[in-house]
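For the protein sequence lines, the chains are Z and U, in the order given.
Each residue of the first sequence is one higher than the last, beginning at 1 in the numbering used here.
Each residue of the second sequence is one higher than the last, beginning at 1 in the numbering used here.
These are calculated hints, taken from the structure and not from any lab test.
It should be emphasised that the depicted structure is a prediction, and the values quoted were computed from it without experimental measurement.
Just to be clear, a hint being listed does not mean it is correct.
Treat identical chains as interchangeable: a pair holds within one or across any two.
Unchecked claim - Calculated cross-link-like contacts (lysine to aspartate or glutamate; reagent style DMTMM-like; alpha-carbon spacing at most 20 Å):
1) K95 <-> E6
2) K11 <-> D139
3) K172 <-> D162
4) K179 <-> E166
5) K114 <-> E153
Protein chains: 2
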Amino acid sequence: MSESNERTEAKIEEAKYKVIGAIAETMDLYGVTPAAANLYATMYFKDQMTLDEMRTELEMSKPSMSTSVRRLQEIEMVKKTFTRGSRKHTYVAEKNFFRSFMAFYCQMWEREVKMNLEAIEEAQEDFINVIKDSTSTPDIVAEAKKYYDQLEESKTYYHWLDDLVESIRSGKIFEFLPKDKQD
Amino acid sequence: MSESNERTEAKIEEAKYKVIGAIAETMDLYGVTPAAANLYATMYFKDQMTLDEMRTELEMSKPSMSTSVRRLQEIEMVKKTFTRGSRKHTYVAEKNFFRSFMAFYCQMWEREVKMNLEAIEEAQEDFINVIKDSTSTPDIVAEAKKYYDQLEESKTYYHWLDDLVESIRSGKIFEFLPKDKQD
DNA sequence: AAAAAAGTTAAATAAATTCTTAACAAACTT
DNA sequence: AAGTTTGTTAAGAATTTATTTAACTTTTTT
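Please work from the sequences and hints to get the whole structure.
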């Protein structure tokens, strides 16, 4: 009897690992470290976990689990929970992919918009200075103008990306693209 | 006179490099290799380039440029052009960020949906077998059911992501989020 | 307040990735 | 058709990144 239990439990484990592998591989591709990716995928099938449980389950060092779980908290895919009785910290994975993955993209995109727009603004100022510089030859002025305009046009994309982030954060995008649309 | 030309040309180079650095760093963060990221950012300010020009400009090996440009072609951020007169291959960067970055995300997301849905379908079959297995204890059946339902619910996300890709590919998303919205 | 347990930081090791050198294949010229 | 130029493949070197071990800090308990 308990023999059969073991076999069916093993089948459940096997099934979970198929999904864990796929989730972790995907996160890997998006630049999340393997330890953090595996950890999130594992936690996806758990109610909550302590650092020691993570270490045992993934057979990795405690500092690795510590930094991984912190990284996952930063991208809002894991949250700390307070469990009375235990003095160990407990963590839960965000099981709603809409929330976890969207938090990830919004953060990435916001960073991209901020950094790139800052660089663009600085560069455009430089180009303006070259254009206004009386010692610049007509050729050089034309070159500076060309680049200035190219950058100016690219801003449209960054503003759009910012709007996309906003519509995801506010949930407005789901008015356009419903969650439960069955095809 | 030509001294002043050099100075203004240097200022233009400096301005370009600010933007090149920002673009390359962003692509780096999205998992594109440094060589490919730098190459695209450099090509963003060029009409077209040959492999030798890339090597000279980035001071890197030719095979590195060859593999980098191929990777950029795969994600549709660079296209090959036929230049008569020259027997060297010439390449142009996609300068429209809407096209280049969206090609990148759509490819990533489509892969994510396909791989993860495949793993989910397989896992769900396994869970059904455990549920139907007459030797499974009630506890194990309940466990398998719980995971099955969790996976079933997650499909909503992947279908939504698929719809997002479709609305980007078709351009329909720009009806909801216009490109030229000025704030 | 002292001791023990939990978690983090920092340095060092291990692993993986990226890039280069060298050999090869393909295409174009004369 | 032979030679030259261009581009690619494959193996090795080097850099970078990820993980572990060890020392330290913080928190909790008695």
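Results of checking the hints against the structure:
Proximity of K95 to E6 under the C-alpha cut-off of 20 Å is found in neither arrangement, the shortest distances being 27 Å within a copy and 58 Å between copies. In this assembly of identical chains, the alpha carbons of K11 and D139 lie at most 20 Å apart only when taken from different copies (14 Å versus 71 Å within one copy). Taking CA atoms no more than 20 Å apart as the test, K172 paired with D162 passes in both settings, with 14 Å inside one copy and 18 Å between copies. For a Cα distance limit of 20 Å, the shortest separation of K179 from E166 qualifies both inside one copy, at 17 Å, and across copies, at 14 Å.
Only within a single protomer do K114 and E153 lie at most 20 Å apart by alpha-carbon distance; the minimum there is 16 Å, versus 35 Å between protomers.
Violated hints amount to a single one, hint 1; each of the other numbered hints is respected by the structure.
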